[in-house]
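S.K.: Sequences and hints are given; from them, build the entire structure.
Chains as they are written, first to last, in our numbering: chain A, 32 to 308; chain B, 12 to 243.
Calculated directly from the structure, the hints in this document are not laboratory data. Because the structure is a prediction, the values reported are computed rather than measured. Only true hints are included.
Straight line, CA to CA, 20 angstroms or less: simulated DMTMM-like cross-link-like pairs of lysine to aspartate or glutamate:
hint: 1; chain 1: B; residue 1: K228; chain 2: A; residue 2: E138
hint: 2; chain 1: B; residue 1: K236; chain 2: B; residue 2: E215
hint: 3; chain 1: A; residue 1: K158; chain 2: A; residue 2: D178
hint: 4; chain 1: A; residue 1: K195; chain 2: A; residue 2: D219
hint: 5; chain 1: B; residue 1: K60; chain 2: B; residue 2: E234
hint: 6; chain 1: B; residue 1: K236; chain 2: B; residue 2: D195
hint: 7; chain 1: B; residue 1: K79; chain 2: A; residue 2: E138
hint: 8; chain 1: A; residue 1: K256; chain 2: A; residue 2: E222
hint: 9; chain 1: B; residue 1: K101; chain 2: A; residue 2: E138
Partner residues are not named here, just some residues of chain B that face chain A (Cβ under 7 angstroms, in silico):
hint: 10; residue: R100
hint: 11; residue: Q104
hint: 12; residue: L108
Sample of chain A residues at the chain B side, in silico, Cβ under 8 angstroms:
hint: 13; residue: Q131
hint: 14; residue: I132
hint: 15; residue: S135
Note that CB positions come from ideal geometry on N, CA and C, so glycine has one too.
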Amino acid sequence: MNEHKGHKYIFQIVSGSILSWNAVLEGEANKVGYSLPAARKTGTTICGVVFKDGVILGADTRATEGMIVADKNCSKIHYISPNIYCCGAGTAADTEMTTQIISSNLELHALSTGRVPRVATANRMLKQMLFRYQGYIGAALVLGGVDCNGPHLYSIYPHGSTDKLPYVTMGSGSLAAMAVFEDRYKPDMEEEDAKRLVRDAIAAGIFNDLGSGSNIDLCVITKGKLDYIRPHDEANKKGVRTGDYKYKRGTTSVLTKSVTALNLEVVEETVLTMDTS
Amino acid sequence: MDTFCTVYCYAVSRSSPDICSLTRIYYDAGCDDLSFSASNGVVLATEKKQKSILYDEQSVHKVEPITKHIGMVYSGMGPDYRVLVRRARKLAQQYFLVYQEPIPTGQLVQRVASVMQEYTQSGGVRPFGVSLLIAGWDEDQPYLFQSDPSGAYFAWKATAMGKNYVNGKTFLEKRYNNDLELEDAIHTAILTLKESFEGQMTEENIEVGICNEAGFKRLTPAEVKDYLAAIA
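M.R.: So, in structure tokens, the structure goes:
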């Protein structure tokens, strides 16, 4: 999830059809003197779904630095307010600081109005900040919460556009997760079904996308309660080594043994004291 | 209690700013309020006398939360208080953004008092016409501070401010001891208020705030009514 500024990664999908489509497009573009923009991997799978009583946010826990896993268990679901949480994909520092700044401002706003903060307010604040920075803040967010008007879910893009939808996914694993949602999403699901759906969507991202991995974190937000389940599913537990490279004594049988004593004379002896003062 | 401060008054003209005179600013005595630090929490209580029965009492509050774990109340000019509440809230958030930790009560008081002091030494402004009582809970301990218009701040176990602060303090001195529980503290605070209260004390014309390990909370009129019933 941590991207070195300026590094770009070419998106390589091994499925033939998309590669060939891309190749044709690239060829056509090159003819007219243009090159296709290199896609930027955001190394995450995050998603959210609105169910009967509220919203559920899900995220994987892998933080990448290029092709290396920097953190095997990082937390991508950020606190905005007691009733609003936000998943973040993209540059880790950007998602962390942006959500903290908006959380702080939202708390001031809530104290000033004397009311529980609304998800739409958080959405406004986030999009207006991201637009101001013209996409230089690499934060792709899934914002969800429950307020006086019910449950709400937004996806927010680095340039500042937002979508209000019943189910959203973001990050490099978003296609895998969205495939699961498009297959099995139904409006007004029960909490357990919705949890299972989100878990499966994130799992699809974890197992099929290299940029996502490790565990699945969930956050269930309803009118009365909040469940921050970290981890909900340890899908990639480190295994225990079954073999051992050490050989026990006696593996190689001893045939003969001869001991030669080295009789050495002390020729010179010098003592250097260490200055311990 | 009349609070006064000396201030330089600037008469600024384009050509020559004139430091004209040393002025004494008198602020009108505020309403009574008092606070009490118990072993497991702090109580803030104040009277909220409205000038007419037509006032909507619930639209304006004297006891205000600053963060989840800190609250404050004032004696003096309401508008000045509003400004300080906003400042205090902002200071608390700024601290949190830097240190990722809820601001300790003492730190907040220091910063707020700093602001108040600034206004006694800057040009073109007048000192804040409020004395603040700031109550907070951090690291399993209750805290109570007072902040004056001069910028001086003090920590208290129990104190009273306002018109009848002398009587209030005497009453508290008699009744204070270190092992008081929060419930008893609330009871004592209301009794102390009643001492100097003119007229009937109802849940509409007093405000009570409590601060314990669960955080700061302004009591609803219904809750205040229960406590009032106990002393009736």
